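Participant: If you want the building blocks of each chain, they are given just below.
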Amino acid sequence: MGSIRGKTAVVGVGEVPTGMYPERSFIDAAVSASEMAIKDAGIRKEDIDTVIPIVVVSNALDNANMICSWMVEELGLGRTAKSNFQVASGGSSSANALKTAAALVNAGLSKAVLVVHSDRLGTGLDLGMAITMFAKVSTSQEYEMPYGFSQLALAGLLQQRYMHDTGTTERQIAAVVETNRKWAALNPNSIFYKKPITIEKVLESPVISSPVRARTMNKLCDGASAFIVTSAERARDLTGQPAYILGLSSRCTHFTVTQQPDIFKAWSPAVDEAYEMAGIGPGNVDVAELYDAFPTFTLISTELTQLCGRGEAGKFFEEGHAAPGGKLPIQTNGAMMGQGHTGAGGGPALLVEAVRQIAGKAGERQVDNVRHVIVTGSGGVGMDFHMEVLGKEV
Amino acid sequence: MSEYKKPLPLITRTSKVFYDGCREGKLLYQHCRDCGEVIFFPKELCPNCMGRDLEWLESRGKGKIHTFTIAYAAAPPEFAEDQPYVLAIVEMDEGYRMMSNIVDCDFETITCEMPVEVVFDPVTPEVSLPKFKPVVRKK
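Residue numbers (my numbering), protein chains in the order written: chain A, 1 to 394; chain B, 1 to 139.
None of these hints come from the bench; they were simulated from the model. Hints are supplied without guarantee of correctness; some may be wrong.
No farther apart than 27 angstroms at their CA atoms in a straight line, the calculated lysine-lysine pairs in the BS3-like style are these [as the list claims (entries may be wrong)]:
#1 Lys-265(A) to Lys-64(B)
#2 Lys-7(A) to Lys-82(A)
#3 Lys-361(A) to Lys-327(A)
#4 Lys-219(A) to Lys-265(A)
#5 Lys-5(B) to Lys-136(A)
#6 Lys-43(B) to Lys-195(A)
#7 Lys-6(B) to Lys-26(B)
#8 Lys-64(B) to Lys-6(B)
#9 Lys-43(B) to Lys-136(A)
#10 Lys-392(A) to Lys-43(B)
Covered stretches of chain A, as calculated for chain B (at least 3 residues, CB under 8 angstroms) [said to hold, decoys possible]:
#11 160 to 173
#12 198 to 208
#13 234 to 245
#14 368 to 374
#15 381 to 392
Quick partial rundown of chain B residues pointing at chain A, CB under 7 angstroms, derived from the structure [to be verified]:
#16 Pro-7
#17 Ser-15
#18 Val-17
#19 Gly-21
#20 Asn-48
#21 Ile-70
#22 Ala-71
#23 Ala-80
#24 Leu-87
#25 Ile-89
#26 Thr-109
This structure is a prediction, so every number in the text was calculated from the model and none was measured. Virtual Cβ for every residue (Gly too), placed ideally from N, Cα, C.
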């Protein structure tokens, strides 16, 4: 794979608050997030020639309804857009959209690409529908569905084995939630803005699918976010501080969780390749935005990205190193545990936060002297792993 | 016996062979005659070498719990009455993994790596689901 190091950049980001908004249509939220990204980039909307919406989960009709062309129409790009298509790989959709956008720009096929996500997992479907739908995602109808699989059960299966392998304690798992909520408490776009939680409070919540507790589950929410990718050359003229795409790589390993290999062997090459392309190592990472859905995934990703040794991430979080003021801030928007689960939108939200941290626009959450941020993504039942390195300079 | 209300497996060309075996008390998996790959879930094509010469073998039905979870709440609606129940990934001695339920045991005693063996649950006249119960194994 050829290196695209430093040839493209994210130049603008937008995000509407995550929460419960029954009166807000998904397309209105998508348009608002796009409008913010366009203004943030300082770009004319007519310069956007490709629109890539990310998969909608909450409503099959909305998803089947050609939202790629719908966005072109809503934003009035009908005279200038060259292509529009959707990207769908669950929680790694934003990573794949970023990769696709960067490749199109680098190949000279697009000048500027708008990636947008919007979904209504909070109010677009009721809890029963959500449970039923998620019980059928990434599982085998022939060999698994008869046993009562669900995404919560998935979290239980992963956490159980992770704790068995590493000796990580329930308290350390709860410390991840506490950390997420500390960041979320500083994030006005989060459903948990100004609402921190203690480890004790997490541990006293009931067990739902052992060892997962009610407060180690993420909250389904409505949300929307958007970002714009263009060439590094154009980026310098557009905005005060582009976030240059320095490195990225990924591995896809399985469809159902029973077939999951040893992810530390299967996914680690992606991490090595992304660091190598970027020309940095884990010691150069200033902020990490790690895709989660559940706290165990945060710990696994902290270790996979080599920010901690194997089995050391729980202690790292418990000691507060990933929290505001810590030596290595992780998931500074609160991630899905702190900002809410908006379907495939957890990925773009992390990318948007990474760009804000680089541009110095993260408000109360802003980390000092941010030069390199890593972002990860994963879809389905941990079917793949993506890592991107964004930087302040090429 | 009341009507079975939980999801039944989708029966396809390959899964029919598997569930026909279960009805007879046999747990089947596949083996590629070309490259030796152990295959589960059953397939038409060997995912290792793309060979089509796949044979069905009978598993000894023994394995260990790779990981498990006890569903107390928020399970899919059809399983609500069964809560709490144990969902597990079982690592079979032949080297493949399958999802199943752990039955006939005290939930408190379940651990990762616990040895288990297959039991067949005849949920309908056509479908017997392979499930697992703990076993004490001699070294």
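Participant: Evaluate each hint against the coordinates.
Facilitator: Cross-check of the supplied hints:
no. : hint                     : verdict
1   : Lys-265(A) to Lys-64(B)  : holds (22 angstroms)
2   : Lys-7(A) to Lys-82(A)    : holds (21 angstroms)
3   : Lys-361(A) to Lys-327(A) : holds (20 angstroms)
4   : Lys-219(A) to Lys-265(A) : violated (31 angstroms)
5   : Lys-5(B) to Lys-136(A)   : holds (16 angstroms)
6   : Lys-43(B) to Lys-195(A)  : violated (49 angstroms)
7   : Lys-6(B) to Lys-26(B)    : holds (22 angstroms)
8   : Lys-64(B) to Lys-6(B)    : holds (26 angstroms)
9   : Lys-43(B) to Lys-136(A)  : holds (20 angstroms)
10  : Lys-392(A) to Lys-43(B)  : violated (48 angstroms)
11  : 160 to 173               : holds (count 3)
12  : 198 to 208               : holds (count 3)
13  : 234 to 245               : violated (count 0)
14  : 368 to 374               : violated (count 0)
15  : 381 to 392               : violated (count 0)
16  : Pro-7                    : holds (5 angstroms)
17  : Ser-15                   : holds (4 angstroms)
18  : Val-17                   : violated (11 angstroms)
19  : Gly-21                   : violated (13 angstroms)
20  : Asn-48                   : violated (13 angstroms)
21  : Ile-70                   : holds (4 angstroms)
22  : Ala-71                   : holds (5 angstroms)
23  : Ala-80                   : violated (10 angstroms)
24  : Leu-87                   : holds (5 angstroms)
25  : Ile-89                   : holds (5 angstroms)
26  : Thr-109                  : violated (13 angstroms)
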